[in-house]
Amino acid sequence: MKRALFVVLIMLFVFSAFGKEIVFWTAPNPLQESFWKELVKQWNEENPDIQINWSTIPAAGSSEEAILTSIASGRSPDICTNIFSGFAAQLIEADQLVPLETLPGYWELIEQREMKQIVEGWKFNGHYFVFPIYSNPMLMWWRGDLLQELGYDSPPRTYSEIYEISEKYSVPNEKFGMQVILGRNWWDRWFDFINYYYAASGGNSYLDLERARATFNNEHGKSITEFFYKMFRNNWTAVDLGNYPLYNGVVLGGIRGPWEINWAKEQFPDVFDDIVISPPPVPDYYPDEDPVYTFADTKGLVILKSCKYKEEAWEFLKWVYSNEENDLRWVTMTNLPPARGDLSTNEMFTDYMAENDFFAQYASFVPYAVPPALTTKTVDIQDAMTDHLIEPLMYDRAGPEEALNDIVRRIRTILF
Amino acid sequence: MGLKSLRRIEATKGWSISVVYFIYTAIFWGYPFVWLFILALSKWNFLTPRKFIWFNNFVKMFQDELFWRVVLNTFNFMLYYIPMVLGLSLLFAVALTKIKFFKTFFVLAFLVANVSSGVAYSIIFERLFAINGPLNKFIYTLTGKTIPWFSEPQLAILSIAMMVTWKFIGYYGLILFSGLNSIPKSLYEAAELDGATGWKKFWKITLPLLNPSIVMVLVLAISLVFGIFTEPYLITGGGPMKRTFTFQMMVYTTAFQKLDPGYASTLAIVAALMSFGCVILTRKLIEKEVEYA
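Taken in sequence, the protein lines are chains V and B.
Each number in the working numbering corresponds to the 1-based position in the first sequence with 34 added.
Each number in the working numbering corresponds to the 1-based position in the second sequence with 18 added.
Just so you know, these hints were derived from the structure itself, not from any lab.
Quick caveat: nothing in here was measured; it's all calculated off a predicted structure.
Mixed in with the good hints there might be a few duds.
Stated by the list, open to error - Not the full set, but computed from the structure, chain V residues with beta-carbon under 7 Å of chain B:
(1) Glu154
(2) Asp274
(3) Gly276
(4) Val413
What the hints assert, rightly or not - Taking lysine to aspartate or glutamate and the EDC-like style, the derived pairs with C-alpha atoms no more than 16 Å apart in a straight line are:
(5) V:Lys150 - V:Glu135
(6) B:Lys155 - V:Glu80
(7) B:Lys163 - V:Glu208
(8) V:Lys209 - V:Glu198
(9) V:Lys54 - V:Glu349
(10) B:Lys155 - B:Glu144
(11) V:Lys54 - V:Glu346
(12) V:Lys264 - V:Asp318
(13) B:Lys163 - V:Glu345
(14) V:Lys411 - V:Asp242
(15) B:Lys155 - V:Glu135
(16) V:Lys54 - V:Glu80
Glycine included, C-beta positions come from ideal geometry on N, C-alpha and C.
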């Protein structure tokens with residue numbers, strides 16, 4: 035007994051004197067927690083000299099709040115996941131992040147995972163500070179059964195087709211063609227206006243950060259605002275659609291992320307079988323043969339500059355992300371598409387895709403899913419979109435052109 | 019033992035008892051309080067070094083249209099909430115004086131709302147008031163119409179005022195109930211002998227003698243209006259048209275989403291000053307000296 039205690043003490047001494055510890059925070063999500071728990075355990079067993087001290091991001095109002103507090107108090111993690119674009123931009127501007135391309139083997143890993151196109155969306159001042167870990171394309175869910183009752187075998191693709199089915203289906207104050215707007219929170223603009231803009235413009239950015247202006251005051255922006263306006267004025271959509279409008283048949287369709295798959299399967303098993311997935315709607319002029327781009331609800335991980343062992347931290351990340359089996363385990367456990375360009379073609383995922391048709395459809399859009407603009411003013415801009423673009427159109431306080439001009443002017447002021 | 023050493027022992031005892039409180043107050047009240055004023059005069063984003071900018075945050079605030087929207091929202095909310103909560107709490111208190119049986123049960127039933135989790139009941143109300151929720155379904159069967167509780171700007175304020183009223187009826191009602199109990203019965207008996215009716219007794223005796231309790235409820239309710247956060251944050255997100263955007267929501271989003279704790283501190287100071295101002299004004303206008311004899 036005494037001898038065992040002695041050995042433990044010696045090991046503790048050796049580890050504290052020569053071992054390296056890396057503090058790693060991940061998203062406070064039970065499914066992701068299970069994934070990381072297993073992997074970290076495996077790494078720590080195989081690498082006694084580089085130990086990962088893993089925990090979830092501490093409880094706070096939001097992950098960003100917890101991370102900020104930790105940085106301000108000098109107790110920041112070395113690696114942190116769950117970083118969205120706007121927050122990444124803030125951390126980059128404050129010079130808190132390590133440019134990952136300066137670490138050995140970065141481009142090899144990107145190439146291996148076919149992520150070249152994906153990381154371009156995360157480029158900031160010519161550097162790559164964020165390693166995207168999952169990318170959720172936002173797609174339309176339609177009630178196939180109700181569409182068939184109306185005489186349609188496939189979901190609508192263009193705005194005109196949506197007008198047509200909406201006119202047939204809508205009953206004032208009862209039923210509506212489509213859920214056009216997702217909510218009033220600033221992040222809802224990612225899923226509606228920005229998503230529609232990516233679809234209409236072939237994946238072009240809605241902001242020109244170098245010239246500090248919005249880019250959507252063009253034919254695409256005009257078609258989207260006219261679409262919103264027409265849908266609200268004709269009562270083909272509504273501000274308040276009540277609880278679970280898609281599953282209750284209040285609307286025929288709406289934008290959804292892949293995180294809703296498991297939930298819907300459990301809560302509305304009868305309706306779930308009738309759900310049909312399609313890309314976001316596009317203006318009538320959008321070419322039939324072109325792929326439709328969509329918004330990527332994507333989060334990444336970063337290495338903070340305060341990290342003492344940057345190369346070791348990167349070694350750990352390379353160990354995780356160079357093994358395709360870990361991606362498969364991630365998919366199986368979280369149902370979130372990992373950020374890699376070969377999801378639809380890599381044999382590792384074939385079986386899973388064959389068994390999970392919904393996931394396969396989401397995965398097929400990963401190459402066309404565009405992340406949001408990397409700006410520190412994300413919240414201000416998207417709040418302004420709610421107040422001066424979306425709500426005026428909803429409540430008929432402004433026409434499409436007036437609202438569009440107003441928001442473009444306001445974004446100019448915010449970015450300038 | 020001399021008088022001096024006795025005094026010293028007494029002083030040591032006193033200090034050793036109160037020092038815990040002083041240290042606690044210094045850490046959890048004094049330090050944040052001083053820091054609040056430093057922040058209000060600074061530009062900072064939690065990450066880069068803090069810059070001293072004097073009163074620029076205050077100037078920015080008075081030019082900020084969102085700040086004025088929030089001021090209007092606060093008074094708009096007060097306009098619905100104060101009469102509603104005061105009237106219903108008074109009704110509850112009067113009802114309690116009339117109840118002979120199960121009084122404790124009724125008191126506890128109303129107090130449950132006060133101790134309920136804000137997050138939990140906000141979600142319940144959101145479901146209840148939804149356009150296809152049970153309340154609207156009932157209204158629809160009666161009238162053929164639905165009420166957009168959270169999507170029409172003025173109705174959204176009223177709906178949140180109703181929720182907060184529900185939460186505080188039990189608490190304020192108990193304060194008023196204790197006020198009612200302290201009014202001597204002999205005053206009512208004397209009034210009855212003089213031929214006073216029920217209403218007359220209420221207006222001439224109950225209401226004037228209940229003044230201290232009413233003022234207390236008003237002070238609590240006014241302070242609460244400046245501190246509302248959970249309900250609008252969870253249900254309406256500050257909309258529609260920013261009509262339910264409150265001071266606390268603005269402070270929170272400015273500090274932690276827009277990373278501007280300096281401006282958020284300025285807003286917090288001004289909200290506190292406005293709240294104190296309203297409380298002082300209410301006391302000046304309503305508070306009266308009350309003697310039961």
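To see whether the hints hold, each was checked on the structure:
1. Using the Cβ-Cβ criterion of 7 Å, the hint placing Glu154 of chain V at the interface with chain B is not satisfied: the shortest such distance is roughly 26 Å.
2. The beta carbon of Asp274 of chain V comes within 4 Å of a beta carbon in chain B, closer than 7 Å, and the hint placing it at the interface holds.
3. Satisfaction of the interface hint for Gly276 of chain V is found here, the shortest Cβ-Cβ separation to chain B being roughly 3 Å, below the 7 Å cut-off.
4. Interface hint at Val413 of chain V: satisfied, since its Cβ lies 5 Å from the closest Cβ of chain B, which is below the 7 Å cut-off.
5. At most 16 Å may separate the alpha-carbon atoms for a hinted pair to count; Lys150 of chain V and Glu135 of chain V meet this at roughly 12 Å.
6. At most 16 Å may separate the alpha-carbon atoms for a hinted pair to count; Lys155 of chain B and Glu80 of chain V exceed this at roughly 61 Å.
7. For a cut-off of 16 Å, the pair hint linking Lys163 of chain B to Glu208 of chain V stands: about 10 Å separates their Cα positions.
8. For the hint linking Lys209 of chain V to Glu198 of chain V, the alpha-carbon distance of about 14 Å falls within 16 Å, and the restraint holds.
9. For a cut-off of 16 Å, the pair hint linking Lys54 of chain V to Glu349 of chain V stands: about 13 Å separates their Cα positions.
10. Taking the CA atoms of Lys155 of chain B and Glu144 of chain B, the gap is about 14 Å. The hint holds against a cut of 16 Å.
11. For a cut-off of 16 Å, the pair hint linking Lys54 of chain V to Glu346 of chain V stands: about 8 Å separates their Cα positions.
12. Our distance criterion of 16 Å between C-alpha atoms is met by Lys264 of chain V and Asp318 of chain V, whose separation comes to about 14 Å.
13. Between the alpha carbons of Lys163 of chain B and Glu345 of chain V the distance comes to roughly 65 Å, so the proposed pair goes past 16 Å and is violated.
14. Distance restraint check for Lys411 of chain V and Asp242 of chain V: the Cα-Cα separation of roughly 13 Å lies within the 16 Å cut-off, and the hinted pair is therefore satisfied.
15. Straight-line distance between C-alpha atoms of Lys155 of chain B and Glu135 of chain V comes to about 58 Å, which puts the hinted pair past the 16 Å bound.
16. With a CA separation close to 14 Å, the supplied pair Lys54 of chain V and Glu80 of chain V stays within the 16 Å bound.
Hints 1, 6, 13, 15 from the earlier list are contradicted by this structure; the remaining hints agree with it.
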